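With chain B fixed as given, assemble chain V onto it according to the hints.
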Amino acid sequence: MAKNKERIDMPRQEIATRIKNFEEVALGYTEEMALMEAERCLNCKDPLCVKGCPVNVKIPEFIKLINEKKYFDALKKIKETNSLPAVCGRVCPQEEQCEAACILSKAKKPVAIGRLERYVADWVSNMGIQENIPEIKKNNIKVAVIGSGPGGLTCAADLALMGYDVTIFEALHKAGGVLVYGIPEFRLPKKIVEREVEYLKKLGVEIKTNVVVGKSITLKNLFDDGYKAIYLGLGAGLPKFMNLKGENLLNIYSANEYLTRTNLMKAYRFPEYDTPIKKGKRVAVIGGGNVAMDAVRSALRYGASDAMIIYRRSRHELPAREEEIENAEAEGVKFHFLVNPLEFIGDENGFVKQIKLQKMELGEPDESGRRRPVPVEGSEFYLDVDVVVIAIGQTANPVLLDVTPEVKRNKWGNIEVYDDYGRTSMKGVFAGGDIVTGEATVIQAMGAGKKSAVGIDEYIKTGKWV
Amino acid sequence: MYQILEHQKIGQNIHKLVIKAPLIAREAKPGQFVILRSYENGERIPITICDKNPEVGSITLFIQEVGKSTAKIGSFKENDYILDVAGPLGKPAHIEKVGTVVTIGGGVGCAITYPETKAYKEAGNYVIGIMGFRNVSFKILEDEMKNICDELYITTDDGSYGQKGFVSDKLKELIKEGRKIDEVLVIGPAIMMKVVSDITKEYGIKTIASLNSIMVDGTGMCGACRVEVGGKTKFACVDGPEFDAHQVDFSLLMKRLSMYKDEEKLSYEKYINER
Numbered sequence: 001m002a003k004n005k006e007r008i009d010m011p012r013q014e015i016a017t018r019i020k021n022f023e024e025v026a027l028g029y030t031e032e033m034a035l036m037e038a039e040r041c042l043n044c045k046d047p048l049c050v051k052g053c054p055v056n057v058k059i060p061e062f063i064k065l066i067n068e069k070k071y072f073d074a075l076k077k078i079k080e081t082n083s084l085p086a087v088c089g090r091v092c093p094q095e096e097q098c099e100a101a102c103i104l105s106k107a108k109k110p111v112a113i114g115r116l117e118r119y120v121a122d123w124v125s126n127m128g129i130q131e132n133i134p135e136i137k138k139n140n141i142k143v144a145v146i147g148s149g150p151g152g153l154t155c156a157a158d159l160a161l162m163g164y165d166v167t168i169f170e171a172l173h174k175a176g177g178v179l180v181y182g183i184p185e186f187r188l189p190k191k192i193v194e195r196e197v198e199y200l201k202k203l204g205v206e207i208k209t210n211v212v213v214g215k216s217i218t219l220k221n222l223f224d225d226g227y228k229a230i231y232l233g234l235g236a237g238l239p240k241f242m243n244l245k246g247e248n249l250l251n252i253y254s255a256n257e258y259l260t261r262t263n264l265m266k267a268y269r270f271p272e273y274d275t276p277i278k279k280g281k282r283v284a285v286i287g288g289g290n291v292a293m294d295a296v297r298s299a300l301r302y303g304a305s306d307a308m309i310i311y312r313r314s315r316h317e318l319p320a321r322e323e324e325i326e327n328a329e330a331e332g333v334k335f336h337f338l339v340n341p342l343e344f345i346g347d348e349n350g351f352v353k354q355i356k357l358q359k360m361e362l363g364e365p366d367e368s369g370r371r372r373p374v375p376v377e378g379s380e381f382y383l384d385v386d387v388v389v390i391a392i393g394q395t396a397n398p399v400l401l402d403v404t405p406e407v408k409r410n411k412w413g414n415i416e417v418y419d420d421y422g423r424t425s426m427k428g429v430f431a432g433g434d435i436v437t438g439e440a441t442v443i444q445a446m447g448a449g450k451k452s453a454v455g456i457d458e459y460i461k462t463g464k465w466v
Numbered sequence: 001m002y003q004i005l006e007h008q009k010i011g012q013n014i015h016k017l018v019i020k021a022p023l024i025a026r027e028a029k030p031g032q033f034v035i036l037r038s039y040e041n042g043e044r045i046p047i048t049i050c051d052k053n054p055e056v057g058s059i060t061l062f063i064q065e066v067g068k069s070t071a072k073i074g075s076f077k078e079n080d081y082i083l084d085v086a087g088p089l090g091k092p093a094h095i096e097k098v099g100t101v102v103t104i105g106g107g108v109g110c111a112i113t114y115p116e117t118k119a120y121k122e123a124g125n126y127v128i129g130i131m132g133f134r135n136v137s138f139k140i141l142e143d144e145m146k147n148i149c150d151e152l153y154i155t156t157d158d159g160s161y162g163q164k165g166f167v168s169d170k171l172k173e174l175i176k177e178g179r180k181i182d183e184v185l186v187i188g189p190a191i192m193m194k195v196v197s198d199i200t201k202e203y204g205i206k207t208i209a210s211l212n213s214i215m216v217d218g219t220g221m222c223g224a225c226r227v228e229v230g231g232k233t234k235f236a237c238v239d240g241p242e243f244d245a246h247q248v249d250f251s252l253l254m255k256r257l258s259m260y261k262d263e264e265k266l267s268y269e270k271y272i273n274e275r
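Sequence lines, in order, name chains B and V.
Counted from 1, the first sequence has number 64 at position 64 by our numbering; the numbering is strictly sequential.
Counted from 1, the second sequence has number 25 at position 25 by our numbering; the numbering is strictly sequential.
Hint data in this document are derived by calculation from the structure and do not stem from the laboratory.
Errors might be hidden in some of the hints.
Subject to a maximum C-alpha distance of 25 Å in a straight line, what follows is the list of computed BS3-like cross-link-like pairs (lysine-lysine) [unchecked claim]:
| no. | chain 1 | residue 1 | chain 2 | residue 2 |
| --- | --- | --- | --- | --- |
| 1 | B | Lys281 | B | Lys353 |
| 2 | B | Lys208 | V | Lys255 |
| 3 | B | Lys353 | V | Lys255 |
| 4 | B | Lys266 | V | Lys176 |
Here are the in silico distance ranges between beta carbons for each label pair [said to hold, decoys possible]:
| no. | chain 1 | residue 1 | chain 2 | residue 2 | range |
| --- | --- | --- | --- | --- | --- |
| 5 | V | Glu78 | B | Ile133 | 36 to 42 Å |
| 6 | B | Glu348 | V | Asp158 | 30 to 36 Å |
| 7 | B | Gly332 | V | Glu78 | 49 to 55 Å |
Here chain B is said to cover these stretches of chain V; the calculated rule only asks that three of the stretch's residues, wherever they fall, bring their Cβ under 8 Å from a Cβ of chain B [what the hints assert, rightly or not]:
| no. | segment |
| --- | --- |
| 8 | 35-46 |
| 9 | 220-230 |
Fair warning: this is a prediction, and the values are worked out from it, not measured in the lab.
Beta carbons: idealized from backbone N, C-alpha and C, even for Gly.
Only chain B is shown next, with the shape it has when bound in the complex:
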């Protein structure tokens, strides 16, 4: 039985310091902390946490290896099923997955599985240990992976380990997908993503950047070039707007643009980097998900005096992770709940200067189970702003799919898949992640990539396409 009952807190950068920089907020456990936390694990015979993980990381086994201070072995244990532990340890919503299933969570706080996962990944990297590349028996069969986000990277890694010649095609100039353009440095340092991508290259995966599949090359071209199967990990790449008056005023961004300028293009280091961004003093971010939290916390770091969340429901319904909401609150983000934008108002040069808002109240629950916001008549008011970020979600990007009618889509524009492996309506083409499910999490995309790797292997071996 564990002696230490209390879950060990994550050390973080001091608030006053961290809101002035883009460095990672969570500093990671020390060895002592990791050992104390690892000791809390009951090493259950039938571990529910493993079932709670979309890629079934062997959690009690890796934690036991931490207890024995065999950190490198612990990492290898994780990597048996998860090729991106340093990423998952940081951005997975463990509280809804492995940690939610932890038996300890019934009585007290669950084992901090994510923090321990991060600890072993960082320990190995900090010690400069070169991971041995497993011996791979090459089968000289080519498979193409479209998109280098978490799903594509996972699918590619698993296929490479099975012996396939894998090429990833990425539209942007850098591999990593949402991990590099979307998630900010202060949550996920880009050097960690680079490390994971480097590991993939060591496995023999080739990454071709600047290839916009659907424009630079088609799926048919790829089959003609000898690829036997294709995985589509396209992500959800078309930002939603609200279709409100004034939405195209200057200084109104989609969250995708705001975060891409910040993370991929490093606008926070302008003019050392060439891409600019409008910093703003009164920045309003519309939406309540993780992306909205990332945007509003970026705005704070750009020096906003008022970094605000505009959300049409109440705090209870915020879809963002609790940890991200707490971080935002602690850093001084102002939350405007139960308000909805009606119109954006600009100055004489076309820059946004105000949002017209309407108050809302919560009515009956809707299909999502959350109480539906209902407008309060006559409650309109104006909020002064100089930058607005719209973070209300994304839909499927049509660039590839518009020229590929063979891949059938559902009414939301997402790809229709016909089995657990992500088989699409086009022979030899599999799909997974946000482009299939709509917006979800990094680990869910990874889980889909993993399953498709199995499906692709089976398809290539049997030639059967049901």
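Then chain V, alone, in the frame of chain B:
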């Protein structure tokens, strides 16, 4: 990495670059563009594709120095490498036989009217080209256009070459002469496209404009290039770049193009001082 096979400086600040990019050369069609990032700290900028040579695997671009990013590219020499070139992006131009077409290019906008003029001609149209430049030192592609066009007119703002005045003056002349014009293509500075569009709207002549919005990814992911066409928001990168000019809100386009003018100035001055 994309090798510069040829670099020719034209006049004061225009650069003709032939770049090795085999995939793009294979797929590019008139009207499309590339996104280019010249070096590690560089921004992503859209540049229209002027020409291609699929056998060599090369594309031709014309770049005018207007700020740091374009000046930086202009400083590259033959055999240097551009870090990133992605494309071909945007929808290809919709070109068919309509009768008489006037293609109007302003400055480096001529780099995109050129392949489209060629396509209009190949489709069987009678093609009248109008090219406008600030002065003779900005003149590009005259010989190439002369070879294609049934008629070619050149205007310069200061009269240093061709007819003194604007492309819109020449267009008005043609209309006043009673020439039957079935379609106009106009590509150049936003203000020029607006003026031309206002004229053709009055006479009910179908007009296509290619919109040069600010872009980041160029694949529909960010919405930086939002424009309003017929009262609806469109993304120039994936819905365009070409639209019915009469439906375009040019005043919004011009405002959005000026969004970063302070930052662009700062960046350019810093670059000039450190050069």
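Against the structure, the hints come out as follows:
Note on lysine 281 of chain B and lysine 353 of chain B: the hinted pairing holds, with a Cα-Cα distance of about 11 Å set against a maximum of 25 Å. Using a Cα cut-off of 25 Å, the hinted pair lysine 208 of chain B and lysine 255 of chain V is violated, with the two alpha carbons roughly 36 Å apart. Annotation: proposed proximity of lysine 353 of chain B to lysine 255 of chain V holds, straight-line Cα distance about 15 Å (limit 25 Å). A C-alpha spacing of about 53 Å is found between lysine 266 of chain B and lysine 176 of chain V, which places the hinted pair above 25 Å, so the restraint is violated.
Checking the proposed 36 to 42 Å range against glutamate 78 of chain V and isoleucine 133 of chain B shows it holds: the Cβ atoms sit about 40 Å from each other. The hinted window of 30 to 36 Å between glutamate 348 of chain B and aspartate 158 of chain V holds, with their beta carbons roughly 32 Å apart. Taken as a hint, the range 49 to 55 Å holds for the pair glycine 332 of chain B and glutamate 78 of chain V, whose Cβ atoms sit roughly 53 Å apart. Chain B is given as covering the segment 35-46 of chain V, and this holds because 5 residues of the stretch bring a CB closer than 8 Å to a CB of that chain, at least three being needed.
Here's how the segment 220-230 of chain V fares: 8 of its residues keep a CB closer than 8 Å to some CB of chain B, so the rule of at least three is met and the hint holds.
The structure fails to meet hints 2, 4 from the earlier list, while all remaining hints are met.
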